[in-house]
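**Q** Heads up: the sequence lines are chains H, E and D, in that order. When the letters of the first sequence are read in order and numbered with the numbering used here, they come out as residues 1 to 195. When the letters of the second sequence are read in order and numbered with the numbering used here, they come out as residues 1 to 135. When the letters of the third sequence are read in order and numbered with the numbering used here, they come out as residues 1 to 588.
The hints are simulated quantities; they were obtained by calculation from the structure and are not laboratory data. In this text, a Cβ means the ideal position worked out from N, Cα and C, and glycines have one as well. Hints are not guaranteed to be accurate.
Claimed, not checked - Pair ranges (Cβ atoms, derived):
| id | chain 1 | residue 1 | chain 2 | residue 2 | range |
| --- | --- | --- | --- | --- | --- |
| 1 | H | Pro-26 | E | Ala-30 | 32 to 40 angstroms |
| 2 | D | Ala-440 | H | Glu-11 | 36 to 44 angstroms |
| 3 | D | Val-399 | H | Pro-74 | 17 to 25 angstroms |
| 4 | E | Glu-69 | H | Leu-190 | 42 to 50 angstroms |
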Amino acid sequence: MKPRQNPLRVERLESLSFRPQGASWPELLVRLEGLGFRAAVVGPDGTGKTAFLDDLARRLPLLGLRPIRLRLDPGERAAARHELRAVLERAQANEVVLLDGADHASRWEWMRLRRAARRARGLVVTSHRLGLLPTLLETRTSVALLAELLDELAPAHAARLEPLLEEVLLRHRGNVRTSLLELFDRVAALDPPTR
Amino acid sequence: MSDVRIELEEGRDTFRPREQLRGRLRWDLAGERVETIRLELLWHTQGKGTRDADVVETLTVENPPTRGERAFAFSLPAGPYSFSGKLFSVLWTLQAVSEPGDEVVQHGIVLSPTGTEVDLTAEADAGAAPALDRS
Amino acid sequence: MGKGCGTLFFGVFLAFGLGFTGLIVKATLRNSDAHGWPQHRCTIETSEPRDTGSDSAPYGLAVTYRYEIGGQSFTSSQIGTSSASHGDYTPVQRALDRYVPGAAVPCWVNPQNHADAILEQSSRAIGLFVLLPLVFVLVGAGGIYGVWVGSAAATKVRADRIQDTVGRKSAATAVVPAIFFGLFLAVGLGVGYFLVDDARNAFEAPRWTPTPCTVEASNVREHESTSDGHTSYTYSVDILYRYQVGGHTYRSNRWRFPGGSSSGRGAKQAIVDEYPPGRDFTCYVNPRDPALAVIQPRVGASALLFALPLVFALVGAGGLFGMLRSRGQDRRQAQSTARDEFADPARGRHASVAASPSRVASAALAAESYLPKVPGGGGALTLEPQSTPFGRVFGMLFVALFWNGIVSVFVWQLVLSFQRGSPEWFLAIFLIPFELIGLALIGGFFWSVLALANPRATVSLRSACVPLGGELELRWELSGRTHVIERLTIHLEGVEEVSYRRGTSTHTERNTFRKIEIVNTDDRRELEQGRERVTVPAGTIHSFEAPNNKITWNLVLEGEIRRWPNVSEKYPIVVVPAELGGASGSAA
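Same shape as in the complex, but just chain H:
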């Protein structure tokens, strides 16, 4: 099976929608509004935080709000952080800033970023730890979730891979993303090379 034929290739992983665990989307949006559109999505790597922001970005226009997607990478140079603050300062009252990786900012930097976003209608961030903003959602994964995603992406192979899922997810410490990347190789191995 060639990478372009593999049902677990990256483009398909990124098209997966977020699966709210224990709450529906309407409930989450109501909760978010109650928090003044300033909240954090908290969880370990590969548990759907970025997927949540992607889906939220698609839903915000229905509420008359425009999303601004930003990302803070670890180890970024000062100039890039300065540019990020400038974008936040330009955010308008009908815009909600969706910031991925807010916990990569130092305490001092985070204070400056929050202040820069004060004119925006909202600020929703992802983080590996609690405390940056009120928690809207704590993301977590399970074998059942991994099975559900695999069933959606690769229905023809899901049954054969199902006995491995618990071991794979445990090995990747609950990270669904890297679990699916490992399953990419397993799916490729299940099928012989095709033209």
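Given the structure of chain H, go ahead and fit chains E and D onto it with the hints provided.
**A** Just chains E and D now, with coordinates in the frame of chain H:
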């Protein structure tokens, strides 16, 4: 519902590097409001890595009539070849994007000197290559 | 938060370093005060040993001397700027030999206060010790800088022109390793300076003159140290004995070389019990310096202490020497590459590079955005390996120091717990894997240092840019200790590389899809230098570079050395689509 089609000359789907890629873009917008139809020739990756892409040629039709067609001729570059390895593939695509609405119609092609995509997995399966010519 | 912790961690290094630097500078300046005093002639009145009252350094000297300035007579008993007490009797014996009553000796008098005088000016060599805390200052300051400025993307130097490469390498990569190796050398030489006498004595003592000696006093000396609220003790043998040489009575308390104290009172007590006051025995006296004597002339395991500064000095000197050699080689490579290395001696003139069938028009390359930048702009060049031997040594050293520095804090606590008699077994077991990793890192560092002595490989290409189906013409040369290489292999490898970025984390994976052997020889002449032409297969894929997906081609050179790190270098090249090759002979 609008209908946009990409038709290639002689119905070809495989091309050699530096060849001319000729065809026609046909559309029937069926009353829908379309401001531009943009035809793009691009390569992109698929596989285990985050997608990379690059648009190589573009043809833009501004304020198209409800029904019409436009001939196009793109000079294909020397590469990258269409190929598939173990971790990622490179594919070539012609895509027509209608705006507003972002409706996309795609037509895949193969760019390769041999007429088929380069298959790196076949090389690996064949084992170590024999020693090369030594002169 | 990460930056805060990093700043705190490196701040501790910086604070300790600055603190100790300040103390050493202060002591050096204090010792320097009296160096400006004028010298006068003094007469010794009395001179005898004295008990300082210190447990760890009980031996001192009591001297009085007289001098005259401006018709006025003064008396002083000050020997140096600070009162001297010694654990070793030998300096006291030397002083007694020097300051005999009635002897005229030089002294230094304070011009501001003539009653203030000294017999001996202190050494300013203590200032050399400032190099030790400076290492901590460097690590601390460098670490804080790195935390706040942020990590820059790693860059490989691309050789558009070899002279530029040498210049950039010198400026950008030579400074930090030079400082590091320089400090190692300085520390090794500095500490070695103070140990060299002991080391020499240790190895000569077995040949000294056996002499009858008598014990005057013997006991186990206790040395107290306090760490983290716990007090610990070490012990040393203190046997004071007298002997006669040339009618003159000498005293010494040297047991063996080197001196020092260690844990375990029992063994020392057993030795002291064998030498009660009044016992006669044979000691060994230095025939050239009778003030120097020793009871046990055999060198024990503690003599390994002498090796420590030697190790530091060797690492420092070896590192600096290797750096200088590398720069010289780079310069020579640059000069040789300025000439066409692919000259045809049969034709008696240099072959024209432009006539190569593999030459690729650089203008055509520039239009292909998916291709990586071609080293050397497509012309002839000498390839740079992706990492330098010094990069590896420096990296291993930093990691080994960092890891072992942290682990040693816990190991020391463990040692103290054993010394206290209440061993912490859980901590001991818990530390085992960390200690094993630490040992592996130390081993890795020394392995990389050994690799510095490896032969150096130089690979030259007619062009680092080759079309599919085209010819790759390469030439190699090994310099240095080439006789140690048993087998040389050079191969071309093609590698797929993907990165998956999602959110703020990145996952990278590689797969070698092709390996093409070019050279595999154990023939001595072929191994040291040679040239080959290989045809890159037409049916494979060219180089490809995008932000997250890559196809890279590398020339990999390996020289196998038995029981020693192998010579291993990797050189990137660029394979381009066949259509970008020359008009003729672009395919095999």
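**Q** Now look at each hint and say whether the structure bears it out.
**A** To see whether the hints hold, each was checked on the structure:
1. H:Pro-26 <-> E:Ala-30: 32 to 40 angstroms: Holds - the Cβ-Cβ distance for H:Pro-26 and E:Ala-30, about 35 angstroms, lies within 32 to 40 angstroms.
2. D:Ala-440 <-> H:Glu-11: 36 to 44 angstroms: 41 angstroms, holds
3. D:Val-399 <-> H:Pro-74: 17 to 25 angstroms: For D:Val-399 and H:Pro-74 the Cβ distance comes to about 20 angstroms; the hint holds.
4. E:Glu-69 <-> H:Leu-190: 42 to 50 angstroms: 44 angstroms, holds
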